[in-house]
Amino acid sequence: EAGVVQSPRYKIIEKKQPVAFWCNPISGHNTLYWYRQNLGQGPELLIRYENEEAVDDSQLPKDRFSAERLKGVDSTLKIQPAELGDSAVYLCASSLVRGQTEAFFGQGTRLTVV
Amino acid sequence: DQQVKQNSPSLSVQEGRISILNCDYTNSMFDYFLWYKKYPAEGPTFLISISSIKDKNEDGRFTVFLNKSAKHLSLHIVPSQPGDSAVYFCAARRLSNTGKLIFGQGTTLQVKP
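In the order they appear, the protein sequences are chains A and B. Every letter in the first sequence is one number past the one before it in this note's numbering, and letter 30, counting from 1, is 20. Quick note: to get this note's numbering, add 146 to the position in the second sequence (first position is 1).
Hint data in this document are derived by calculation from the structure and do not stem from the laboratory. Treat the numbers as computed from the prediction; the structure is a model and nothing was measured. Where hints are given, some of them may not hold.
Stated by the list, open to error - Straight-line C-alpha distance at most 25 Å; calculated PhoX-like pairs for lysine-lysine:
1. B/K217 / B/K183
2. A/K68 / A/K5
3. B/K246 / B/K258
4. A/K52 / B/K246
5. A/K68 / B/K217
6. B/K200 / B/K151
7. B/K246 / A/K61
8. B/K246 / B/K214
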């Protein structure tokens, strides 16, 4: 079974530029998460989807961050414009059903904003 | 407000010995706790979990203990192996927020041959 796939693995951009991350969850997984992990910290939830509906986006900085999960499968997380403080690893995870706690994580996208 | 804390940034143990990783939490509404392991350049992988109605869960070399009165849990690895060297994250779930995990800062475990 293929795991959660994220791309790109690494991204370096200049501040004020836009950037987008893509995630393909495990087939059949209805719940999809985007987490951000700063250096030396644990992952922090940005947004959670149940199918195509964003059910928890309370920690998503909505002035510059946006996400979508069209058709309830793949998801894209966008930052526009990026700031220096956005440098982090962005992790996508998925789980089979709502409430299943053992989420499976992708390898992450390491973003560096210079 | 750090609701899940791992106060030891790093731990070093000898191969074959026991590794004990600790985690403290502040929110009494947490009902499920997990440990994830993370190797460099990889995403976290689920290791073991425990429900708040239990005080111990064992899976092979890994055992998680939960002390609800102290709001403390620990992960024991016996015997430790060099391949266990990784960053270990403790995570907790709130009953009213299904699916959302709150992670600790992580503890880097190094198992020396």
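These are the hints, each one checked on the structure:
Of the supplied pair hints, the one linking B/K217 and B/K183 holds, its CA atoms being roughly 21 Å apart against a limit of 25 Å. For the proposed pair A/K68 and A/K5, the alpha carbon gap of about 14 Å is at most 25 Å, so the pair holds. Annotation: proposed proximity of B/K246 to B/K258 is violated, straight-line Cα distance about 35 Å (limit 25 Å). Distance check on the hinted pair: A/K52 and B/K246 sit about 19 Å apart at the alpha-carbon level, within 25 Å; holds.
For the hint linking A/K68 to B/K217, the alpha-carbon distance of about 37 Å lies beyond 25 Å, and the restraint is violated. For the given pair, B/K200 sits about 20 Å from B/K151 by alpha-carbon distance, which is consistent with the 25 Å threshold. Our distance criterion of 25 Å between C-alpha atoms is met by B/K246 and A/K61, whose separation comes to about 22 Å. A hinted pair counts as satisfied when its Cα atoms are at most 25 Å apart, and B/K246 with B/K214 qualifies at roughly 20 Å.
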